[in-house]
Amino acid sequence: MSLIAVENLNFAYPGRPSLWRNLNFILAPGQRIGLWGSNGCGKSTLFNILMGLTVPQSGQIWLEGRLCVTPADFARQRTRLGYAFQDPDDQLFCSTVLEDVAFGPLNLGHSREEAGRLSSQALAVFGLGGFEKRITYHLSGGEKRLASLAAVWAMQPQALLLDEPHVSLDELGLKNLKEALRACGLPWLMASHDRAFLESTCNQIWEVGQGEINAVISCFT
Amino acid sequence: MLTGFDPRAKLLIAFLFSIITVLTNNKPGLGACLVTGLAGFALSGLTWRRLAPRLAAVNFFLILTWLTLPWQLTGGYPHFYPPGAWLALLITVKANAIFLLWMSLLAGSPASDLLHALAHFHLPDKLLALFFLFERYIYLLSDEYRRLRAAMDVRGFQPRLNQRTLRVFSQLAGAILVRGFDRSQRVYQAMLCRGFKGTFYLISHFHWSGRDSRLLLASLLWLSALLGWEIFA
Chain A
404 MSLIAVENLN FAYPGRPSLW RNLNFILAPG QRIGLWGSNG CGKSTLFNIL MGLTVPQSGQ
464 IWLEGRLCVT PADFARQRTR LGYAFQDPDD QLFCSTVLED VAFGPLNLGH SREEAGRLSS
524 QALAVFGLGG FEKRITYHLS GGEKRLASLA AVWAMQPQAL LLDEPHVSLD ELGLKNLKEA
584 LRACGLPWLM ASHDRAFLES TCNQIWEVGQ GEINAVISCF T
Chain B
710 MLTGFDPRAK LLIAFLFSII TVLTNNKPGL GACLVTGLAG FALSGLTWRR LAPRLAAVNF
770 FLILTWLTLP WQLTGGYPHF YPPGAWLALL ITVKANAIFL LWMSLLAGSP ASDLLHALAH
830 FHLPDKLLAL FFLFERYIYL LSDEYRRLRA AMDVRGFQPR LNQRTLRVFS QLAGAILVRG
890 FDRSQRVYQA MLCRGFKGTF YLISHFHWSG RDSRLLLASL LWLSALLGWE IFA
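Protein chains in written order, with our numbering: chain A, 404 to 624; chain B, 710 to 942.
If we strip away everything but chain A, and leave its shape as in the complex, we get:
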């Protein structure tokens, strides 16, 4: 069964040419797909559509084999996907790191003990063990990025949607991020304009642009 299936998707911002015409693709379990394209080619918009935050002009979205049309459909399915926003500051809004990472698990109905356990585990996977009591807005850029990834990982999603996860990271931050992504064990769609970063983390790269996604390159790392 596919994790994400998109059929004949069309979207255009008001007064602008359409980003794609009849877009089709499938994300299968185990796939780590890099979406490569220039700025403004619609990578973030695609993620917003997949999460039901933006409504496309036409087309069908299937999440884990379920057709999602209404906001209620998306609300039920979207917690099964971990969407890490482009700017971690949009995502981290609680005072402490632990509270922020536990926000998702608590929303899913886990008990406090269980949410705490999942959060600590997530922080450990992303190399942030011992950061529980740190204040989120005092974290460095790289730490914020890892914390925002831990926050979506803690919800035990089936796949990740990663929007430019490497942006504004220094060398050490990049190294930590790559290690954490390798360790997290999930399939993903990762949007980026950085070909080299995609090649070093994903096992397939699709080019986004000119109205469709072309699977142009397959590389296995």
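Treat the hints with care, as some may be off.
Stated by the list, open to error - Distance condition first, Cα-Cα at most 20 Å in a straight line; then the derived SDA-like pairs of lysine to any residue:
(1) Lys906/B x Gly530/A
(2) Lys536/A x Leu823/B
(3) Lys536/A x Asp822/B
(4) Lys536/A x Gly713/B
(5) Lys835/B x Ile847/B
(6) Lys835/B x Glu853/B
(7) Lys803/B x Leu747/B
(8) Lys736/B x Ala804/B
(9) Lys536/A x Tyr848/B
(10) Lys906/B x Ala478/A
(11) Lys536/A x Thr712/B
(12) Lys906/B x Gln559/A
(13) Lys803/B x Val767/B
(14) Lys906/B x Val472/A
(15) Lys736/B x Val802/B
(16) Lys906/B x Asp476/A
(17) Lys536/A x Ser821/B
(18) Lys906/B x Pro474/A
(19) Lys536/A x Tyr910/B
(20) Lys578/A x Gly530/A
(21) Lys736/B x Leu796/B
(22) Lys906/B x Val528/A
(23) Lys536/A x Lys803/B
(24) Lys906/B x Arg598/A
(25) Lys906/B x Arg479/A
(26) Lys536/A x Pro819/B
(27) Lys835/B x Asp822/B
(28) Lys536/A x Glu844/B
(29) Lys906/B x Cys471/A
(30) Lys835/B x Ser893/B
(31) Lys803/B x Ala761/B
(32) Lys578/A x Asn606/A
(33) Lys906/B x Ala475/A
(34) Lys803/B x Glu844/B
(35) Lys536/A x Gly793/B
(36) Lys736/B x Gly793/B
(37) Lys906/B x Arg515/A
Since the hints were derived computationally from the structure, they do not count as laboratory data.
Nothing here was measured: the structure is a model prediction, and the numbers come from that model.
Position chain B relative to chain A; hints supplied.
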């Protein structure tokens, strides 16, 4: 010194004190309320330097009551009107007493602790969400402002008393509002993606200890004395 206590005890005391102070109208009782506020300040470990600007902000608004209430217009000229002056005095003393005690009790608690304490009193989720996001957005807006101001400063902007400065500042205010709105949309969407349905669940809990009970008991005794004074005096 007051920082180590359970925020729930402090919130309860501050809330009850405010109600009793508002109800008090006899002179010695009012004096006692003001003394309570001052005593709270003395015990809180707050410095005068930290308190003074905030106290000044509160009293700036109280100046308005002194400019209007104690004056009566007769024959086209304002005349001093003692009952109005008494009313202005009442408002000033009460506002300062309440403000002093709230500052002394709660200034040492982070906003997240206060939110948790409020959640323990089972206030409506919407109110809590409002308080929580308000606290968060104050930081976001001030961040946004500092970033924009820094970008203006490095391009050589110097505020002066002229039309251009006014225009630039109005554009700055507009940019902060628009960016703040955009960001609030994204923060809300990020919350939706993590399964937010309107309820905040709490992960950390407070531990009520013997000293919290003692603080609450002592405060309740003193507060009932203040209330009794007003009723029977």
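Here's how the hints hold up against the structure:
1. Lys906/B x Gly530/A: At roughly 29 Å apart (the allowed maximum being 20 Å), Gly530/A and Lys906/B break the hint.
2. Lys536/A x Leu823/B: holds, 17 Å
3. Lys536/A x Asp822/B: holds, 13 Å
4. Lys536/A x Gly713/B: holds, 17 Å
5. Lys835/B x Ile847/B: holds, 18 Å
6. Lys835/B x Glu853/B: Answer violated: Lys835/B to Glu853/B is near 26 Å, above 20 Å.
7. Lys803/B x Leu747/B: With a Cα-Cα distance of about 12 Å, the restraint between Lys803/B and Leu747/B holds, given a limit of 20 Å.
8. Lys736/B x Ala804/B: holds, 15 Å
9. Lys536/A x Tyr848/B: holds, 19 Å
10. Lys906/B x Ala478/A: Between Lys906/B and Ala478/A the Cα gap is close to 9 Å, so the pair holds against 20 Å.
11. Lys536/A x Thr712/B: holds, 18 Å
12. Lys906/B x Gln559/A: holds, 18 Å
13. Lys803/B x Val767/B: holds, 12 Å
14. Lys906/B x Val472/A: holds, 19 Å
15. Lys736/B x Val802/B: Answer holds: Lys736/B to Val802/B is near 10 Å, not above 20 Å.
16. Lys906/B x Asp476/A: holds, 14 Å
17. Lys536/A x Ser821/B: It holds: about 12 Å lies between the C-alpha atoms, which stays within 20 Å.
18. Lys906/B x Pro474/A: holds, 13 Å
19. Lys536/A x Tyr910/B: OK: Lys536/A and Tyr910/B at ~17 Å, within 20 Å.
20. Lys578/A x Gly530/A: holds, 11 Å
21. Lys736/B x Leu796/B: Answer holds: Lys736/B to Leu796/B is near 12 Å, not above 20 Å.
22. Lys906/B x Val528/A: violated, 27 Å
23. Lys536/A x Lys803/B: violated, 38 Å
24. Lys906/B x Arg598/A: Between Lys906/B and Arg598/A the Cα gap is close to 37 Å, so the pair fails against 20 Å, i.e. violated.
25. Lys906/B x Arg479/A: Holds, at roughly 11 Å.
26. Lys536/A x Pro819/B: holds, 13 Å
27. Lys835/B x Asp822/B: holds, 18 Å
28. Lys536/A x Glu844/B: holds, 18 Å
29. Lys906/B x Cys471/A: holds, 18 Å
30. Lys835/B x Ser893/B: holds, 16 Å
31. Lys803/B x Ala761/B: holds, 17 Å
32. Lys578/A x Asn606/A: Holds, at roughly 18 Å.
33. Lys906/B x Ala475/A: holds, 12 Å
34. Lys803/B x Glu844/B: Distance ~26 Å between Lys803/B and Glu844/B Cα, so the pair is violated.
35. Lys536/A x Gly793/B: Violated, at about 52 Å.
36. Lys736/B x Gly793/B: Distance of about 16 Å is within 20 Å: holds.
37. Lys906/B x Arg515/A: Between Lys906/B and Arg515/A the Cα gap is close to 17 Å, so the pair holds against 20 Å.
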